[in-house]
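Protein chains: 2
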Amino acid sequence: MNIKQSLYSKRLSEEDRAFITNYEPRDYPPNAVTADVILLTIRSGRLAVLLVERANPPQSGSWALPGGHLNPDESITQTALRELTEETGLTAEPAHLEQLQTYSTPGRDARDEKMRVTSVAYLAFMPDPGTPRAGSDARSARFWAVDDLPEFNPALGVEEGPILAFDHADMLRDGLERAASKLEYTTLATAFVDEQFTISDLRLVYESVWRSGIDPANFSRKVKATPGFIEPTGVKRATGRAPAGLFVKGSADVISPPFFRPVEG
Amino acid sequence: MNIKQSLYSKRLSEEDRAFITNYEPRDYPPNAVTADVILLTIRSGRLAVLLVERANPPQSGSWALPGGHLNPDESITQTALRELTEETGLTAEPAHLEQLQTYSTPGRDARDEKMRVTSVAYLAFMPDPGTPRAGSDARSARFWAVDDLPEFNPALGVEEGPILAFDHADMLRDGLERAASKLEYTTLATAFVDEQFTISDLRLVYESVWRSGIDPANFSRKVKATPGFIEPTGVKRATGRAPAGLFVKGSADVISPPFFRPVEG
DNA sequence: ACAAAAGTGTTGCACGTACACCCATGA
DNA sequence: TCATGGGTGTACGTGCAACACTTTTGT
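In order, the protein sequences belong to chains A and B. Residue 266 is where the first sequence starts when you use the numbering used here, and the numbers rise one by one after that. Residue 266 is where the second sequence starts when you use the numbering used here, and the numbers rise one by one after that.
Fair warning: there could be bad hints in the mix.
Treat identical chains as interchangeable: a pair holds within one or across any two.
What the hints assert, rightly or not - Calculated lysine to aspartate or glutamate pairs in the EDC-like style (CA-CA distance at most 20 Å, straight line):
| id | residue 1 | residue 2 |
| --- | --- | --- |
| 1 | Lys487 | Glu472 |
| 2 | Lys379 | Glu279 |
| 3 | Lys489 | Glu351 |
| 4 | Lys489 | Glu472 |
| 5 | Lys489 | Glu363 |
Just so you know, these hints were derived from the structure itself, not from any lab. Fair warning: this is a prediction, and the values are worked out from it, not measured in the lab.
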């Protein structure tokens, strides 16, 4: 038991026990806390996000990130995972899940008139899990390629894609930026591919998330030269033309020096 | 008005209006949302954090990050700023304020037995604002050098410093890591110094936050070579020995290539 | 045979680090 | 004049981008 634990996990004092006994939650303004998940994957070589079509008000019919209310007995991370499976029928857990940011601007949700709705956004990565199935509260659920969303591709007209609910476009924007930046200094690209993968698979992740072309030769060398990024299996996969070596994720989580993302474009 | 705005800021539908009218907040489990602020500064060449001694339960007498409850009409960022001034008497606003992370593990606050307490932690930087004054809910308020806290300096015994309340040691730990990492790729070091500063002042920020020595010659050159980091004023300040040039913050917020933090030490 | 992708070799350049050295100042 | 800190010069090593080239396979 380290110092931190011994200090933090102490029992309640007499004073605190009395305080809690007299505590009355109804004396405070009502709040709702929700979790929303930005689940990203690579589908047909394109970066895609999982959205659900809302079946109930508010904003019924618009598309939203899967999410929902915090239960009294669970952590907000558990909320995120639970809502993800409930609303989209996903069976596998995401390969990576991290907290992104909390959104609480008054008016971001119509319910704010009666109860403030604060939402904790999560960012998740996984290999393509196949077709999702609409669950509770959802009319339908599907992956959308990010640049098929009008709010993320200026070339598209407003009528050509889904309308995002609440401030979920802000969340997605922040999530995409975080994802792009995390690929620079972590090994999280491996969260987008299967357990065994080729270096080309991994390069495709970088190219999709960064929206840029990468020199295969230099990429291959750099990945192999970074200690702990990938481990060879010895096996080769016949993938179209020349057989490529298969690799698994190594033990490292951060890479240094970082990979550099080409300037905008 | 861009696409995003035109999609998001639409008025309520008939359906949503009816939904809100019938909405009953008391049907949902009670939640509290709070903001806590990790305010860092450099004092006497050491990295310091602002703490308040709690005057009320729970955990009366222990030291906590300044913070408090979200009001129904304010954003959580406004909560953070309001509680900071209320509890510590600070008059100036922090030079930098960003959201760090949200903490919601069940049991992190004794009140969780009756109402879940979810806390949004903020990270703030500013030049030394002088001595704080204890305000509402606080018995006292002061800056603590980070390595005078037993939880952050293994050389100290548990009895030699303040006891941190709730999970605030976790928050501080995460905040310090974020601060160190942000200095690598942003110009936020300037948030710790006065409007006019010498390159040595800036270097001291890096050395305090990173706990490492930096070659003054190379640092000076690198800062000057990074476009938009600092702008010369032409003025010089007699600071002990040879006069050093005074600079102000430039227009850039991110720096590339990043500054590299020496490996652990 | 040829196309496509995996992978190797080679070169130039940009940048970081280390360290020697000079300059300006106040005690 | 001497200690101190600001600032310049320079040499060395590393690592990445660019691109030509070889290897391996399926059709």
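Outcome of the hint check:
| no. | hint | result |
| --- | --- | --- |
| 1 | Lys487 <-> Glu472 | within (15 Å within a copy, 31 Å between copies) |
| 2 | Lys379 <-> Glu279 | between (36 Å within a copy, 17 Å between copies) |
| 3 | Lys489 <-> Glu351 | neither (39 Å within a copy, 54 Å between copies) |
| 4 | Lys489 <-> Glu472 | within (18 Å within a copy, 33 Å between copies) |
| 5 | Lys489 <-> Glu363 | neither (26 Å within a copy, 36 Å between copies) |
Going through the hint list in order, the structure does not satisfy hints 3, 5.
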